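Here the protein sequences line up with chains A and B, keeping their order.
This note's numbering numbers the first residue of the first sequence as 1 and each following residue consecutively.
This note's numbering numbers the first residue of the second sequence as 1 and each following residue consecutively.
Simulated from the structure, these hints should not be mistaken for laboratory data.
Bear in mind the structure is a predicted one, so any value in this text is a computation, not a measurement.
Do not take every clue at face value.
Only part of the chain B face toward chain A is listed, based on derived beta-carbon distances under 8 angstroms [unchecked claim]:
1. L10
2. I79
3. R136
4. S139
5. A163
Listed next, the in silico BS3-like pairs over lysine-lysine satisfying Cα-Cα at most 25 angstroms (straight line) [what the hints assert, rightly or not]:
6. K154(A) to K192(B)
7. K27(B) to K192(B)
8. K27(B) to K154(A)
9. K154(A) to K247(A)
10. K247(A) to K225(A)
11. K157(B) to K157(A)
12. K27(B) to K157(A)
Using N, Cα and C, we set each Cβ at its ideal position, and we do this for glycine too.
Number of protein chains: 2
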Amino acid sequence: MTTTSEALALIQRGTDEILVLKELEEKLTSGKPLRIKLGFDPTAPDIHLGHTVIINKLKHFQDLGHQVIFLIGDFTGMIGDPSGKNITRQPLSREQVLANAQTYQQQVFKILDPEKTQVMFNSEWMDQLTPADIIRIASHYTVARMLEREDFNKRYKNGQSIAIHEFLYPLVQGYDSVALKADVELGGTDQKFNLLVGRELQKHYGQTPQIAITMPLLVGLDGVKKMSKSLDNYVGIDEPPEEMFGKLMSVSDELMWMYIDLLSFEPSTTINKWKKEVTDGLNPRDVKIRFAKEIITRFHDHQSAEKAQQTFIERFQKGAIPESMTEVTLTAPQEGYSIANLLKDAGLVTSTSDALRMIKQGAVKIDGDKVTDRQLRLPAGTQHVYQVGKRRFARVLIN
Amino acid sequence: MTTTSEALALIQRGTDEILVLKELEEKLTSGKPLRIKLGFDPTAPDIHLGHTVIINKLKHFQDLGHQVIFLIGDFTGMIGDPSGKNITRQPLSREQVLANAQTYQQQVFKILDPEKTQVMFNSEWMDQLTPADIIRIASHYTVARMLEREDFNKRYKNGQSIAIHEFLYPLVQGYDSVALKADVELGGTDQKFNLLVGRELQKHYGQTPQIAITMPLLVGLDGVKKMSKSLDNYVGIDEPPEEMFGKLMSVSDELMWMYIDLLSFEPSTTINKWKKEVTDGLNPRDVKIRFAKEIITRFHDHQSAEKAQQTFIERFQKGAIPESMTEVTLTAPQEGYSIANLLKDAGLVTSTSDALRMIKQGAVKIDGDKVTDRQLRLPAGTQHVYQVGKRRFARVLIN
């Protein structure tokens with residue numbers, strides 16, 4: 001049996017905010033299984049480690065015996081963005097939504113126990129509402145409070161248009177909590193406002209308001225921007241083991257601890273032990289290896305993790321890449337950095353013609369891989385180890 | 001056959017604004033019967049002359065052969081004001097709405113031809129919409145533009161709350177125009193914003209935008225505030241002929257011309273002739289009589305009008321009420337003006353005890369009726385002729 005304070009400690013780990021902590025304590029003390037809601041848009045089915053931060057939190061609740069609900073927001077997904085201003089939000093067909101939901105579940109069930117997870121679609125209750133119901137829901141929130149939401153506020157002040165239906169989306173999300181009788185809703189820090197709308201609506205519908213738990217957004221491999229596919233600073237949970245290993249080994253020591261906090265399932269006692277080991281002289285690289293193997297084991301298996309480590313050691317450690325090297329940050333022009341300019345600006349060659357000659361000789365490597373394309377362009381948001389000849393190395397972040 | 005310019009002149013008469021006049025001209029020139037929309041809330045079924053200003057405009061269109069649609073806004077009426085802040089807007093039952101609609105029709109059909117009038121209820125299409133439809137409708141208008149509406153703007157700036165569903169009501173009204181494929185929508189000047197929302201929505205639904213025609217709000221009998229039942233400065237269309245006659249004869253000469261412009265069905269040529277007659281020396285009272293009889297004939301019949309005139313003449317003209325007298329404007333305390341104070345403040349008696357003595361003697365009259373109640377209180381917004389003895393008269397407006 002877990003005590004309430006142990007449960008609370010596990011839930012609190014890595015969170016950004018819990019609103020309201022005291023209410024959560026009371027609910028946990030009651031001993032009743034709680035209903036934990038996490039909503040996802042069914043638009044982009046590829047999950048990366050950034051998404052898993054919240055899913056992991058859902059797993060904590062599941063491990064503690066609570067009922068977790070994975071909610072697919074298909075109602076709004078099937079409407080898309082009706083203003084038509086944002087071309088990335090086209091309405092999805094029922095088939096697309098179901099296909100995306102399927103992909104989601106496959107990925108999510110690498111973390112959650114499918115037997116104990118309730119998967120729901122909000123169209124189930126949203127499609128049943130009448131126009132009068134929608135108007136009643138909308139009556140429970142004010143324009144002024146909606147305009148307090150940070151992004152709305154900014155757009156309103158800057159004279160950028162906000163279509164009125166955008167005010168309805170947070171209310172729909174809030175009404176989902178009413179329909180689900182959620183005790184707790186999880187979301188990223190950017191979801192805080194919407195989670196609080198849910199609290200508000202539940203009060204109007206005579207329910208005990210849900211507890212809103214926000215999780216920090218995971219920083220990408222560059223250590224600067226939020227992890228996202230479009231910034232190419234992510235680790236997809238479907239990526240091959242070797243890719244994952246290489247990417248996770250490339251992060252800075254500081255970022256490593258942040259990742260471990262948000263992504264590792266090791267108990268806090270173990271993590272504290274690791275920290276002490278490093279303080280006492282252990283190479284952080286060895287902790288990074290443990291962590292990378294844990295993640296690969298989760299999304300592939302133990303054997304793949306072992307193999308990925310082997311491959312990595314062969315390529316990097318035997319390839320004599322030094323443990324410490326010059327670190328350079330460069331700002332890319334819009335079209336990306338040409339490899340020749342990059343090598344010059346990073347101080348690895350004296351001129352671009354020098355760079356091109358070295359490439360021709362096969363003496364230039366990126367993360368241990370030989371560069372053959374003299375026209376290669378490196379995009380912003382990437383960080384790699386560049387090598388010229390046997391001894392010149394630099395870790396270059398392009399922003 | 002009426003020419004387009006004759007039709008246009010009739011339609012333009014008394015209007016406050018026509019948006020856009022050029023479009024109206026084009027539609028009239030096409031020769032096709034237009035669809036003319038006028039919406040009413042099914043909340044307060046008692047119609048007074050103020051309401052008929054717009055109904056008269058509807059009649060002009062009907063007389064010109066266009067299809068007029070009398071729309072009962074039962075959809076929102078049956079929701080009421082879900083914010084519960086305004087206790088006067090309780091949701092109405094289906095039965096109440098139908099009963100109110102019935103009363104409306106009885107009254108309205110004293111002006112409009114029932115055979116040629118389409119009576120509709122907006123629940124017919126509103127109840128068919130899905131939540132997704134509502135969201136789509138809401139996507140066609142922006143928060144910033146909604147906040148431009150004068151009352152919203154004032155409330156927002158003053159920190160008074162606006163519930164989000166209040167933003168949906170103008171959109172529902174606008175969508176009614178889409179559902180009805182309205183060519184023209186009529187409304188009071190306070191409806192201009194909502195009428196323009198209809199134009200906007202119709203464009204989004206691929207329709208030619210309706211023409212918005214606003215009519216001025218009729219000033220009440222006091223000549224100051226808008227005619228309204230709660231201000232007791234109105235002429236109800238169900239009032240007895242004698243009441244109507246007396247009330248209409250009590251208005252100032254200036255107000256009389258405004259009423260004639262907005263309420264008389266006499267052709268402009270006739271009204272211009274009347275004006276010339278007055279300029280040439282005719283007592284405006286005689287024009288007032290013609291006008292009062294027209295109104296009474298409309299809502300009762302010709303015989304009643306003749307009889308009301310007789311009664312009026314007997315009471316007033318034979319009662320030796322002078323045609324000109326002192327005009328006094330007084331400001332009433334909240335609980336109303338006591339008759340004794342009023343007579344004193346109007347200079348008709350020297351003291352309140354003098355006033356009370358005169359009342360006891362039966363020497364005080366209001367509009368020719370003897371006053372017996374010494375405690376009588378006169379409310380703000382009323383105007384009457386007060387008489388003390390045979391020779392002291394004053395027309396007193398209380399505001």
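Hint validation: L10(B) versus chain A, beta carbon distance must be below 8 angstroms. Holds or violated?
Status violated, d = 38 angstroms.
Sort out whether K192(B) lies within 25 angstroms of K154(A), counting only the CA atoms.
Judged against 25 angstroms, a Cα distance of about 30 angstroms means the pair is violated.
S139(B) was flagged as interface toward chain A. Is the shortest Cβ-Cβ separation under 8 angstroms?
4 angstroms, holds
Interface restraint verdict for I79(B) against chain A (beta-carbon cut-off 8 angstroms):
5 angstroms, holds
Against chain A, with CB atoms and a cut of 8 angstroms, does the hint on R136(B) hold up?
5 angstroms, holds
Does A163(B) hold up as a contact with chain A if the rule is Cβ-Cβ below 8 angstroms?
5 angstroms, holds
Sort out whether K157(A) lies within 25 angstroms of K157(B), counting only the CA atoms.
14 angstroms, holds
Given the hinted pair K27(B) and K157(A), is their alpha-carbon gap at most 25 angstroms?
40 angstroms, violated
Is K247(A) within 25 angstroms of K225(A), Cα to Cα?
Holds: K247(A) and K225(A) sit about 16 angstroms apart, inside 25 angstroms.
CA of K154(A) to CA of K247(A), is that 25 angstroms or under?
Answer violated: K154(A) to K247(A) is near 35 angstroms, above 25 angstroms.
For the pair supplied as a hint, K27(B) and K154(A), is the alpha-carbon distance within the 25 angstroms limit?
Violated, at about 43 angstroms.
Assess, step by step, whether the Cα of K27(B) is no farther than 25 angstroms from the Cα of K192(B), and give holds or violated.
20 angstroms, holds
Checked against the numbered hints given earlier, this structure breaks hints 1, 6, 8, 9, 12; the rest are met.
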